[in-house]
Amino acid sequence: MISYKVLIPDVQELVDQSMPRERSSHRQVPEGYVYTQYHPMEEIYQWMTQIQKSNSELVTQHYLGKTIENRTMYYLQISQPSDKTKKIIWMDCGIHAREWISPAFCQWFVKEILQNYKSDPKISRFLQNLDLYVLPVLNIDGYIYSWEKDRLWRKNRSPHMNGTCYGTDLNRNFNSSWGSIGVSYNCSSEIFCGSGPESEPETRAVAQFIERKKSDILCYLTIHSYGQYILTPYGSTTKPPSNSEELMHVAEEAAAALMGKYGTSYKVGSTSLILYSNSGSSRDWAHMIGIPFSYTFELRDKGTHGFVLPPDQIQPTCEETTLAVTTIIDYVDQKYFPAGAVMLTSSSLGLSLCLIVVLTWTIS
Amino acid sequence: MLEAVPWARLAYLRPACVVPQPAPAVRAPAAARKHLPLSPSLPLATAYSVSESSGHKYYLQFTTEDYKTGENAGSCLATVLYSKTKSSPVVNIKCVHTKDQKQIQEEDNRLYQKLRHQTKPIIGNNIPDSYGNIEPALEPAWALAVAGSSYIMWEKSTENLGYFMAQVKSVKQWIRKDDFIEFDYTVLLHEIPTQEIISCHMRLTWLPGHPLKVKYFCASENQGLEDGSGVESGSAAGILYERGANF
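For the protein sequence lines, the chains are A and B, in the order given. With our numbering, letter number 351 in the first sequence gets 351, and the count goes up by one each step, no holes. If you want our numbering, it's the position in the second sequence, counting the first as 1, plus 364.
If you're looking for bench data, these hints aren't it; they were derived computationally from the structure. All figures in this text were calculated on a predicted structure; none of them were measured in a lab. Heads up, a few of these hints could be off.
Distance ranges between label pairs, derived from CB positions [stated by the list, open to error]:
1) Thr36/A x Lys458/B: 50 to 56 angstroms
2) Leu525/B x Gly196/A: 56 to 62 angstroms
3) His574/B x Pro311/A: 36 to 42 angstroms
4) Leu7/A x Val454/B: 49 to 55 angstroms
5) Ser195/A x Lys450/B: 21 to 27 angstroms
6) Gly32/A x Lys458/B: 52 to 58 angstroms
7) Ser584/B x Ser195/A: 21 to 27 angstroms
8) Gln334/A x Lys577/B: 56 to 62 angstroms
9) Pro485/B x Thr36/A: 53 to 59 angstroms
10) Gly434/B x Gly32/A: 41 to 47 angstroms
The calculated lysine-lysine pairs, modelled on BS3-like cross-linking and capped at a C-alpha distance of 30 angstroms, are [stated by the list, open to error]:
11) Lys239/A x Lys421/B
12) Lys267/A x Lys458/B
13) Lys484/B x Lys267/A
14) Lys421/B x Lys484/B
Backbone N, C-alpha and C fix where the C-beta goes; we use that ideal spot for every residue, glycine too.
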């Protein structure tokens with residue numbers, strides 16, 4: 001008989017305690033999809049497929065590119081069928097892996113639009129003129145890594161230094177004064193800007209697409225957490241953008257709309273003035289290539305929970321943020337497609353000419 | 365209550381005007397912690413700064429609110445002078461609290477009772493967990509971690525670096541024969557603007573009416589060659605936050 005002693009009665013318990021719990025999978029149909037919980041990437045992929053299937057008249061899923069670990073990046077296009085050419089509103093979420101509330105918001109927002117586009121006059125109005133392009137998770141590899149290995153991971157998962165160091169900060173990797181301020185050239189840093197502007201496939205996928213479509217993109221929104229800010233360009237310089245006043249005005253309106261819901265207060269301003277300086281951000285880049293309205297949102301909270309925002313805050317955060325985003329879209333819509341302008345379609349043109357003839361005839 | 369180190373969250377504050385530096389706003393509210401109850405509060409501030417020959421002097425006015433409930437907890441006026449010569453800033457602060465001494469003491473005592481009278485020592489990991497949930501049984505330990513971390517953040521923050529407590533990685537209670545409560549923590553601090561996650565080991569002892577005693581050691585990330593010395597990371601106390609990259 002070999003003598004023995006139990007040192008740890010339940011090793012499984014210790015293992016379970018140190019890893020995220022197994023989660024029950026949800027039915028992947030929009031009706032059964034739980035928007036008030038965080039979802040792993042696999043479920044978000046399934047959600048995208050389902051959303052397109054159940055809303056095929058409005059939603060199409062498109063290939064954007066591949067991540068460094070060869071995963072596919074998709075965006076959703078919400079487009080009301082029409083013979084008009086539309087302008088574009090772009091929104092991306094999850095550029096930083098640990099900011100889980102951000103992809104949660106993109107999913108929520110899509111759901112809100114699809115549920116209300118027929119009944120909500122604001123939404124139906126802007127969908128006549130604008131297409132919404134939503135990228136629910138930009139940094140897919142990083143997001144998965146934050147689920148499986150390291151909850152507070154930020155960067156992507158590109159290998160450096162012979163695989164001894166991983167990750168570029170995608171929001172320092174865009175070609176906007178790249179590498180000039182608020183970055184590190186060291187891979188081990190959380191703000192490592194990469195080996196060059198757009199060195200990362202994820203950055204390139206987004207940048208190439210937006211560059212191609214830039215003449216039609218009126219608004220670029222990128223969603224982060226935390227801090228409760230609506231940030232305007234630039235981070236790389238304190239010199240204000242050309243349309244700084246208008247950018248601020250619209251952002252302030254958005255923050256006011258947001259606050260109206262639950263009293264949550266957001267600060268509004270230029271990144272370099274109210275936050276800190278940084279170069280290579282997607283928001284700066286979008287504005288620099290000519291997209292007039294470019295904003296970074298930093299969602300709840302202000303540090304109490306930070307990146308690990310409790311799920312009971314998903315709904316209120318998403319609701320209030322939806323109000324802010326629709327305020328911005330609304331403004332853009334009204335600005336570029338003003339109401340009261342007579343839309344001369346061939347039929348109304350014919351009618352106008354007819355009336356003019358009749359009137360002329362009556363007067364003479 | 366003035367003696368016991370109460371907690372004031374070191375908000376990443378951006379003053380409304382002039383040189384917007386977050387960190388000094390961070391240190392001044394931490395000084396407020398001497399005047400506020402242990403139940404954590406959150407400063408919201410306006411500030412301006414003046415460059416003097418002696419250094420940068422910041423004038424802050426801020427309100428604080430309860431960390432959990434958000435209700436107003438008081439307001440403070442402070443000056444923080446970052447001198448070119450001295451390493452730590454000179455802080456002057458004066459606060460007015462919404463709650464009276466008695467209320468503050470009662471709340472501290474409630475927290476203390478929850479922590480003291482356990483059938484077995486409190487042990488836990490990942491608070492909040494990945495999904496943001498905090499088990500009700502672990503909430504008092506979390507609150508205490510917030511208080512203790514504020515001390516660490518107070519010491520570490522500078523004119524250019526600020527912190528938030530991101531997560532409690534582990535907590536272990538040591539039962540003592542006397543009335544003091546004692547806890548070992550590993551806390552993760554989020555550093556701004558570097559975005560780094562700093563792992564700190566913290567040993568905390570407390571008895572209401574006494575100052576919160578905090579001993580800590582923070583592992584430094586990305587140290588490269590200097591790390592080898594062992595002076596900093598010799599013991600088990602240096603629980604390095606594991607970066608997946610290297611494993």
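Item to check | Hints violated by the structure (numbers, ascending) | outcome: 1, 2, 5, 9, 10, 13, 14
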